[in-house]
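Line by line, the protein sequences are chains A and B. Residue numbers for the first sequence follow this note's numbering, beginning at 129 and rising by one. Residue numbers for the second sequence follow this note's numbering, beginning at 994 and rising by one.
None of these hints come from the bench; they were simulated from the model. Predicted model only: the values in this text are computed from it and were never measured. By construction, the Cβ of each residue, glycine as well, lies at the ideal position given by its N, Cα and C atoms. Be aware that a few hints might be false.
Under 7 Å between C-beta atoms, here's a sample of chain B residues computed to sit facing chain A [what the hints assert, rightly or not]:
| no. | residue |
| --- | --- |
| 1 | R1137 |
| 2 | Q1307 |
| 3 | I1332 |
Chain A is faced by these chain B residues, among others (derived, beta-carbon under 10 Å) [claimed, not checked]:
| no. | residue |
| --- | --- |
| 4 | P1117 |
| 5 | S1182 |
| 6 | S1218 |
| 7 | E1250 |
| 8 | V1304 |
| 9 | A1311 |
| 10 | R1325 |
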Amino acid sequence: MSAPISTPTAQVREFTAELVVRSRTSVADGVVLLDLADPSGAALPRWEPGAHIDLCLENGLTRQYSLCGDFDDHSIWRIGVLLDPNSRGGSKFVHEQLREGCRVRVRGPRNHFQLVEAPRYRFIAGGIGITPILAMVEQVHRTGQDWTLLYGGRTRASMAFADELATRFPGRVTIWPQDERGLLDLETALKDPADDTLVYCCGPEGLLTAVEQHCAHWPAGVLHVERFAAKQITVDDSAALDRFEVVCRRSGVTIEVAAHESILERLEAAGVPITGSCYEGICGTCEARVLEGSPLHRDSVLNDAERDSGSVMMVCVSGSRGERLVLDL
Amino acid sequence: MTNFPKKCWYVAATCGELGRAPVGRRLLGKDVVLWRGADGRVAAFENRCAHRGFPLDRGRIEGQTLVCGYHGCTYDRDGCCRYTPAQAQAPVDMRVTVYPVREDPPFVWIWLGPPAAAATVEPPATPWIDEPFWTTFGNSWRVRANYMMVHEHLLDFSYAPVVHAGDVPSGLDRMPAFSQVEVTETTVSYLRRIPGMPLTDWQRRATGLDPNLRYDHSESGTFVSPAMHRQYWAVEGPDGRQYVTTRTHAITPETEESSHVFMQSSRNYRLDDSEVTAVLRTFLDRVVARDIEVLEMVGAHSGYDGWRGGVEFQSDAAAARARRIVGVMLAREAGRAPIRPGFAPTQRGYARGARRRGPAPSAS
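In isolation and in its complexed conformation, chain A is listed as follows (with noise of 0.2 Å):
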């Protein structure tokens, strides 16, 4: 057991298929269902309430689309898509492209809104942001536990699943058009902290930072949110250095960072295997674990307790404190 090994170093990748487009249909205004499957007809990977796949469209862009169909069936991947007025050409291209048949490449699946065993959830949702909480009802319908749902929209008619939703399950879902009934009532629906409740919320990024605001006064951890685009976050780069060095201690390899450079793209040149997928801080695949050293976060898809805890870092963006950081890669 002499010379080091020669051989490349591990490409770790997430599963990545072309799917093709099994079925296309108009649920509400503005808004396409694509059911999507393997072309063979092979099952496709389990998936968990939460999670998310990437299209990575032609055009060169990948987006990211909450899994909304039923997650015990493998032969499926469901998810829906909202045509944004100022699209930079993802929901556009998935609106005027992806016809029936259409073949798709897709990446996943991830989850960083996983369903935390609770006795009771409050789910919010606003426009498009049903998609995940959808299967989560599922879920939480099945297994029995106690939950409401409060879904906003502009309308009636631009709101997906809401007849539905409401007829199946009166009493649990209030649905809430802002042409009828004006903004979502947060004040009412998160009043009185519970401690045995867990708050679910994906919609735009007005709706998460007003539910941010009003659990303010809940309990640490009770909030879970996900956001469709990056979080603006102030990043107080004055404590930047100029260079810092990132050691990878299971591959044993040490690289120097300069301020002004990604950290995973460095990683990549030097060929430690790693996966990244946005490079903008939304997407998470390529969080590493922090072994040693103090991450200079400017991602948003970590909450504060998670940036405060210093153990964990998305590599795309961020950087470093001080001037060695130790990570599990």
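Chain B: place on chain A using the hints.
Quick look at chain B alone, frame taken from chain A:
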């Protein structure tokens, strides 16, 4: 605090084990009795009569009921006591705890988590064990090591030239690095290519391929769930055909320090040749004996905390990912925490001593 997810189907037994007599077995720390009624259906109870706590596996099966060997309390498959010889009517609501089971040959699966959640998860399918282009034999054993040590041992085969020196191709003094590791939310798969090597003795005897040639070998596997690992050894024949020998390991925690392993070995070549089965049995018995010896030595000496507290190699990438998948499941089951599942160490004792905090943020 145990490290096995409860919301998961585990294998309790192989179908053939459940015949005329009840079988007692410790699973996930619980004492369970498994029995098959005359109608062929399997049931699993807490192994404890509701009357005096007599072990029900020491009783007997009568028709569609399980009869306690002490006072004759007779339970139907729903766990209700229907009859007791001591009085005319069994006490109202006298029952034993029943665990959901599924029989999917060759395995009997059990759910020891919250019963309502059993319906939200399916046990993994193992079609190759029945498909006609595979032939399969099984073996089961118990190992005094935490179930994740068994998983992680199987997910990192880099010790093969050390532990199984006689059973790897001659000249292979180290395993090559993974060629690929593929992850999903709930699984991790890996592939190692080992090009241009001679056949091992067992491969020569099992496949019947020309021993004078060199072949492209591969070793691959999948962490399917906390309850299952699948490993493949493949040799590419001269005609491009893959000679695959695969081991499906159902791994079930017995206690925190011991595990049951229900192994099924399938091959896609020389299907009807019982001599090949004998060759593979002998080879695998040898491998398993050494695996058990290594795991029990580490288990007794360092335990799982010592095992996972060590310095990790690149070849541990798949095992580290499996540990993370299990960590997320455990954190989900544990409930509310400021740090979400998947974003921090979720298992105690992780990399002990390694998490010294770095320099404090400073203005310099």
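Tested hints:
Interface restraint check for R1137 of chain B: the shortest CB-CB distance to chain A comes to about 28 Å, outside 7 Å, so the restraint is violated. The beta carbon of Q1307 of chain B is positioned within 7 Å of a beta carbon in chain A (closest approach about 5 Å), and the interface hint is therefore held. Given hint, I1332 of chain B at the interface with chain A, holds; its Cβ is 5 Å from that chain's nearest Cβ, closer than 7 Å. Annotation: P1117 of chain B was flagged as interfacial toward chain A, and the flag holds, the nearest CB pair being 9 Å apart, inside 10 Å.
Nearest Cβ of chain A to the Cβ of S1182 of chain B: about 8 Å, under the 10 Å cut. The hint holds. Below 10 Å, beta-carbon pairs count as interface contacts, and S1218 of chain B has one with chain A at about 8 Å; its hint therefore holds. The closest approach between the C-beta of E1250 of chain B and any C-beta of chain A is roughly 26 Å, which is over the 10 Å cut-off, so the hint fails. Proximity of V1304 of chain B to chain A holds as hinted, the smallest CB-CB distance being about 7 Å (cut-off 10 Å).
Taking 10 Å as the C-beta cut-off, the interface hint given for A1311 of chain B holds, the closest approach to chain A being about 8 Å. The criterion of a C-beta within 10 Å of any C-beta in chain A is met by R1325 of chain B, whose closest approach is roughly 5 Å, and the hint holds.
Checked against the numbered hints above, the structure breaks hints 1 and 7 and satisfies the rest.
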